[in-house]
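Take a look at the letters that make up each chain.
Protein chains: 2
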Amino acid sequence: MRSVSVIGVGETQFGELWDKSFRELGIEAGLRAIQDAKIAAENLDAIYVGNMSAGKFIDQEHVASLVADYSGLADQHLPTIRVEGGGACGAIAIHQADVGDVEANEILSSTTDQEWESVFGATFAGLYAMMARRHMFEHGTTREQLAAVAVKNHKHGALNPNAQFQKEITMDMVLGAPRVAEPLGLFDCAPLSDGAGALVLCASDRARKFTDTPIDLIGTGHASDFIAVHDRRDLTTIDATVIAGKRAFHAARKTPNDVKVAEVHDNFTISEVMAIEDLRFVPKGKGGFATEDGETALNARVSVNTSGGLKARGYPVGATGVAQAVEIVRQLRGEVGKRQVSGAEVGLTHTLGGTGGTAVVHLFARGD
Amino acid sequence: MRSVSVIGVGETQFGELWDKSFRELGIEAGLRAIQDAKIAAENLDAIYVGNMSAGKFIDQEHVASLVADYSGLADQHLPTIRVEGGGACGAIAIHQADVGDVEANEILSSTTDQEWESVFGATFAGLYAMMARRHMFEHGTTREQLAAVAVKNHKHGALNPNAQFQKEITMDMVLGAPRVAEPLGLFDCAPLSDGAGALVLCASDRARKFTDTPIDLIGTGHASDFIAVHDRRDLTTIDATVIAGKRAFHAARKTPNDVKVAEVHDNFTISEVMAIEDLRFVPKGKGGFATEDGETALNARVSVNTSGGLKARGYPVGATGVAQAVEIVRQLRGEVGKRQVSGAEVGLTHTLGGTGGTAVVHLFARGD
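Chains as they are written, first to last, in my numbering: chain A, 374 to 741; chain B, 374 to 741.
For reference, chain A alone in the conformation it holds in the complex:
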C-alpha cells in the first residue's frame, strides 16, 4: 500500500439542518477542507463521495458528479466516485481513495441529507436490543454500564461546538427515559443527523509541500459479514469489526495499546461496548465495566468518542466515517481545545454499515 496523508479537513455543523440542502452541506465541508489544505482546484486528482440514500431521500443519484459540479470543479473533469456501504460509506470512501493510484490530491466528501425515519423500522433498534440482552446475559453487563456510554459521550459532545447535542446528561436521565426497545431507552440511541465532513488526501511524500502537520493514514481494514444478525456466529461480537481491526493493526504494525484516541460507531450504547471489546481495547465482556470505570473517558487510558460520538456529535449516516476521521486528524494535530487528548500519537476510527454487515477501521498517526 502506498503511503497517504491527510492534509486538510472540514465539516459542517451536525443536527437538524432544515435550511440546508444536500449539495450545500457537501460543498460546505469540501470547500473548508480545501481551504484547510491550502490547495487550488487544479491540484485535485479525484473526488470520492460517501453517501447512503440520496436516491431515496432527495431523488438524486449520481451525487459525486453533482458535488464536483456545485463545488465549481466541473471544468476540471475529475474522476468522481460515489461509494455506499450503509453507515460505513464515508469510511469506505477513505479506503478507496487510499488504495487508489492517483498521484496528487483527492478530496473526499461525505454527505447525508434529512433525517431518515424508520428506514429499518423498529427492527434496527430491536436488533441491537437483542445484542444488548445477550451481552448482559453472557458477560454480566449492566443497564447502568450501557447508560455510562451515553453519559460520557454527551459530556464530550458538550465540548464540541459542531455537535448536535452540546448538553450533558445524567445517569438518572438515561435510566428513566422512555424505552425504545428493551433494554435500550431513548438516550441509548444516536440521533439521525444532517451534516457533512471532508478530507483532502495526498501521497505522503508530497504532503509537506502543503502542510506542516500532515496526518498519515497508516493502516486500514475493511471487512464484511452476514447482513442478517440471525445468520452470525455470535450475537455479542461483531466479527466484521474484529477482522477489520486486525487487518488495520497488522497493516500499521501497531497494537491497540498504541491508540490513545478513538472514534467508534456508537449508534447505540451497546455498540460502543462491543466495539471497544472487538477492537481489543479491553477483553471480551469487559466493555461495560471499563466504561463504568472511566477507562474510555477523555484523557483516560484510551479516549473514546471525544467528538461526542454518533450519540452526541450526531449520526449523519453515510458521512459518519469522514466525520470521525476529521475528529481524529484534529486531535492528532492538537487543535480541539477543551476536548484535546494530550500526547496522542496514534488515533483510530471504526465505522459500521447496517448492524455489522460491513466494518471499516482506519489508523492515523502524526506524520514524521
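What the hints contain is simulated information worked out from the structure, not anything from laboratory work.
Heads up, some of the hints might be wrong.
Just a sample of chain A residues kept apart from chain B, beta carbon distances all over 10 Å, derived [claimed, not checked]:
{"id": "1", "residue": "Ser394"}
{"id": "2", "residue": "Glu397"}
{"id": "3", "residue": "Ala413"}
{"id": "4", "residue": "Glu457"}
{"id": "5", "residue": "Leu565"}
{"id": "6", "residue": "Ile616"}
{"id": "7", "residue": "Glu665"}
{"id": "8", "residue": "Arg706"}
Listed next, the stretches of chain B that the computed footprint assigns to chain A, with coverage defined by at least 3 CB atoms under 8 Å from CB atoms of chain A [as the list claims (entries may be wrong)]:
{"id": "9", "stretch": "514 to 528"}
{"id": "10", "stretch": "596 to 607"}
{"id": "11", "stretch": "724 to 738"}
Partner residues are not named here, just some residues of chain A that face chain B (Cβ under 10 Å, in silico) [as the list claims (entries may be wrong)]:
{"id": "12", "residue": "Ala419"}
{"id": "13", "residue": "Asp442"}
{"id": "14", "residue": "Tyr443"}
{"id": "15", "residue": "Gly730"}
{"id": "16", "residue": "Thr731"}
Each residue gets a CB set at the ideal place from its N, CA and C atoms; glycine is no exception.
With chain A's structure known, arrange chain B on it following the hints.
Using the frame of chain A, we list chain B on its own:
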C-alpha cells in the same frame, strides 16, 4: 497503474425479468463469472458492486455486502464496495477495482432491478432530443442517419441470445414510430432493463494460472462534467467522453484506429452518433454519415455495439458498464459465434452517467 486482466465473465438474460429478484440477478451473473474463471471463493480479495438505485427501487442500500452474503461469501469477510455514478456505475466499478491495491482476484458484479420509469421525467429524452436537433442543425445529420443506429443495433441484437430484443427492425419502422421527443421516436430510445453482468479481475502476472485467454485491461479514463446540459460548452459534444477517451488511449498507448470492436453508450440513437465522434472513430459531425454508410456495422471498419447495445441488448442502467465489458471480453476471446468480429485485438467500452456528467472509457486487449 498496475496491470490487470479479466479472467472470468458472466451475465444474465436482459429484459423484463419480473420473476427474478435483485439479489438473484447479481448472484447469477457473479457465480457464472466465478465458474468461468474456475476459481474458488477463497481466491477472492474484494467485491465491487456497481448499482444505481437499489435504495429507491427495492428499499435496499448496503447492496455490496448483500451480494457477498447471498453469494455464500459472508464467511470470507471480504471488503465489499458499492459504487454509483448514474448509468456509469458498472464502468466506475471496473475503474476502482483496477486502481485498487489488492493482490489476487476481485469479483465485480453490477445489478439494476426493475424498470425505472420517468426517473428523469420527460426531460431525459427531451435533453437528448435537443442535442439531436442541434447536431442536425450544425452538422447536417439526418433523421435517417439516427434511425440507422437503431436498425444496426437491432440487427446485432438478433445475434445475441441474451439480448432483450432479438428482432430486426426496418428503417420505416423507426421513422414511422410514435414520437417520444422530437426528433426522437420510440425506436431511438433504449429500453430500461433488468439484468446483471460480472467480471473477475486479477493481477496480469497471475492471470495465466487461471485461464489460457486472459484479456488485459490496458487503459481506463474516467471524467466528469457539468451535470446539467445547459451549463456545458457545446450541445453536440460530450466533453466527458472526449476527455475520458483521451485518458484511456494515452494510458494504453493506442489510438482509435487500433480498436476493431466497441460497445458505446447508445441510450438514444443520437448518443451513439456523438460517442463515435467524441471517441475519434470518425471526425466531429460525421457520426451519422459513417453509420449510414455502414462503417460501424459488424466486421466493418469498427464494429460498434455488437451485443445489440443499450438499444437491443437492453439498458440495465447501473449494470451497463459491466455488460459492455462482458461483450468485449468475449469478442476478444473469439467466443460469440455469429456476431464475432474477426481479428479483433483491441476493444473499447464507453459508458455515460446521466446526460454526460460522467463518462468512463476502458480499453481491453488480448493477453500476451
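- Message: Minimum C-beta separation from Glu665 of chain A to chain B exceeding 10 Å: can you confirm that?
- Response: 31 Å, holds
- Task: Determine whether the non-interface label on Ala413 of chain A survives the test: each CB of chain B must be over 10 Å from its CB.
- Result: 18 Å, holds
- Evaluate the condition: distance from the CB of Ile616 of chain A to the nearest CB of chain B exceeds 10 Å. The assertion about Ile616 of chain A is violated, with a minimum of 5 Å to chain B.
- Task: Test the statement that Glu457 of chain A is away from the interface with chain B: the closest C-beta pair must be farther apart than 10 Å.
- Result: 5 Å, violated
- Task: Compute the least Cβ-Cβ separation between Ser394 of chain A and chain B, then decide whether it is above 10 Å.
- Result: 14 Å, holds
- Against chain B, run the beta carbon of Thr731 of chain A and see if the smallest gap drops under 10 Å. Constraint on Thr731 of chain A satisfied, holds at 5 Å.
- Assertion that chain A covers the stretch 596 to 607 of chain B - criterion: three or more residues, beta-carbon distance below 8 Å: holds (count 7)
- Message: Under 10 Å is the threshold here; is the Cβ of Gly730 of chain A close enough to any Cβ of chain B for the hint to stand?
- Response: Result: holds, 4 Å to nearest chain B Cβ.
- Task: Could you check if Ala419 of chain A really has its C-beta closer than 10 Å to a C-beta on chain B?
- Result: 8 Å, holds
- chain A covers the stretch 514 to 528 of chain B, three or more CB atoms within 8 Å, holds or violated: violated (count 0)
- Item | Stated coverage of the stretch 724 to 738 of chain B by chain A [criterion: 3+ residues, CB within 8 Å] | holds (count 4)
- Message: According to the definition I'm using, a residue is off the interface if its beta carbon is farther than 10 Å from all beta carbons of the partner; does Glu397 of chain A meet that for chain B?
- Response: 15 Å, holds
The structure is inconsistent with the numbered hints 4, 6 and 9, although it conforms to all the rest.
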